[in-house]
Every structure is written in structure tokens, then in C-alpha cells.
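Could you put together the complete structure from these sequences and hints?
For what it's worth, the working numbering labels the leading residue of the sequence shown as 257, then goes sequentially.
Check each hint, because a few of them may be wrong.
[Unchecked claim] As a list, the in silico DSBU-like pairs of lysine-lysine whose alpha-carbon atoms are at most 30 Å apart:
id, residue 1, residue 2
1, K332, K351
2, K411, K351
3, K478, K258
4, K448, K410
5, K338, K307
6, K354, K411
7, K323, K464
8, K491, K448
9, K410, K351
[Stated by the list, open to error] Derived Cβ-Cβ restraints for the label pairs, each shown as a range:
id, residue 1, residue 2, range
10, K470, K323, 49 to 57 Å
11, S388, K332, 40 to 48 Å
12, S398, T341, 12 to 20 Å
13, G385, N485, 42 to 50 Å
14, K323, S381, 16 to 24 Å
Rather than coming from a laboratory, the hints here were simulated on the basis of the structure. Quick reminder that beta carbons are idealized off the backbone N, C-alpha and C, glycines included.
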Amino acid sequence: MKISTGSREFDEFLEGGYEIDVITTLYGPGGSGKTNFCLMASAEQASRGKKVIYIDTEGGFSIERLKQLAVNDIMKNILVLKATTFKEQREAFSKLIKLTKKSKEIGLIVVDSMVMLYRLELGESISEGDYSQTRVLNNSLSMQMRILNEICRKKEIPIIITDQVYNEFLSQEDFEAGKEKRVSMVGGDIMKYWSKCIIELKNIGDGKKIAVLKKYRFLPEKTFSFYINNTGIEKERKFKLF
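If you want it as C-alpha cells, here you go:
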């Protein structure tokens, strides 16, 4: 049981689309297409008459972009919950629990992003040396991921979340050896544990981007090269010269 990603070619890449009983995490740097994939899936489900709950913590939700992606008026099927602090994000999750109990028409839940507000408060607690607050934030993030996991497992509602990245610190020895900094997910093991599908998005240059399937229950790691256009995404075409 899967839902369409909003792109036929990306559906084929995932052999049918996003699974409905797992958390799918899209992570990557700014401008790599994370929000675009969220909006594509939202437009697809809303166009089919399904309700979409979209928790927006970065201000990236765009009605104009949705109009480009959808073939009809879909805003009546999309509920947007906005959060500007991690406390408001926790409150949005309380609303999410109530909404999933009441409605049986929910076809998708999106959290874009899951970690930005967490990351801001985490940085403040670390700079102040308040490690007890750090534990509180990590526990809260883990609890929110657990809530999402219970919803998708019990209600069979597909869930897509986005995550940010950071460059790991290089030791002097590694730096002198010419090793490159490794890109890691914010939230680390918390995000990896609860996410059964993990897709890394990368900016390559000249508008080209790559999606790397890093974790999946039955598919191997593989890549998908694409460009973002007015109707969603377009797979990179490779032509041979004869």
C-alpha cells in the first residue's frame, strides 16, 4: 500500500511511491527540494479528495506553488498548522493527535521541517551549558517521532517529514589527510531510528539535484537525478551520441 509522490518517474524509482505505514524522511541542505517534494505529495493527495495536515515550521508552505502542482482547487482539503517555536511545534502535535482521532479521511501528514525549531533551541541550551535542557529537547523530539510512528502504524496514514544537515567536525589528522567533512542529519539517531524510509537530497549544480535512497525496508541504495520545474520535478535525461 503506497501513495503517489506526485511524480510518475519518482514513483517508479520508489517502486510505487511512499509507503503508508512508515515515516519517510527527506533530508538535505537548503534548496535541495525537500519542501517541493512535500508539496508535490500534498497536492496529489488533496487532488484525490484526501485531507492533508501540513505542519509548517520554516514558512516554506506556498499556496502559489500548490496551484502550479494541482489541476483543481485543493486548499479546502489542506489544513496548515504553523509553528514558530519548539513549544508551538509541541502544541501542533497535540492538535495532530486530536485530528487523527476524529477524521478518517486524512491521506497524508507532512512536517516541514521536523528539526529547525528543535535545532535553534538546542543550540541555545548548548551555548548556555544547560545540558539538562538538552536532554529535555531530545526527549521531546523523540516523543514527537514516536507519536508520528504510532499514527502511521495504527491509522495507516503516510507521513513525510524533512530534516536538515550539518557538517561533522574534522580532527586535525583527518584535515591534514585531506578527508572531506561528512554530512549528517540533525537529530541523528533519533531520526534514523523512527524513519523507515530515508532519502537524502543533494544540490549538484546548474539546477541539477540528486535523491539518494539511503534506507528502505526492501530496496537497495540507489540514486535519482532530477530538476525542479513548474509541474514538480523532471528526471534527468541522458542522451547517447551515435
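Going through the hints against the structure:
Restraint check: the Cα-Cα separation between K332 and K351 comes to about 18 Å, which is no more than 30 Å; the hinted pair holds. Between the alpha carbons of K411 and K351 the distance comes to roughly 16 Å, so the proposed pair stays at or under 30 Å and holds. For the hint linking K478 to K258, the alpha-carbon distance of about 19 Å falls within 30 Å, and the restraint holds. Note on K448 and K410: the hinted pairing holds, with a Cα-Cα distance of about 20 Å set against a maximum of 30 Å.
Between K338 and K307 the CA atoms are separated by roughly 17 Å; this keeps the pair inside 30 Å, and the hint holds. As the CA atoms of K354 and K411 are separated by approximately 13 Å, the hinted pair is consistent with the 30 Å bound. Straight-line distance between C-alpha atoms of K323 and K464 comes to about 23 Å, which keeps the hinted pair within the 30 Å bound. At most 30 Å may separate the alpha-carbon atoms for a hinted pair to count; K491 and K448 meet this at roughly 27 Å.
Proximity of K410 to K351 is assessed by CA-CA distance (about 17 Å); at most 30 Å being required, the pair is judged to hold. In this structure the hint that K470 and K323 lie 49 to 57 Å apart at CB is violated, the actual value being about 32 Å. A beta carbon spacing of about 45 Å between S388 and K332 agrees with the range 40 to 48 Å that was offered as a hint. The hinted range of 12 to 20 Å is satisfied by S398 and T341, whose Cβ atoms lie roughly 19 Å apart.
A beta carbon spacing of about 47 Å between G385 and N485 agrees with the range 42 to 50 Å that was offered as a hint. A beta carbon spacing of about 40 Å between K323 and S381 contradicts the range 16 to 24 Å that was offered as a hint.
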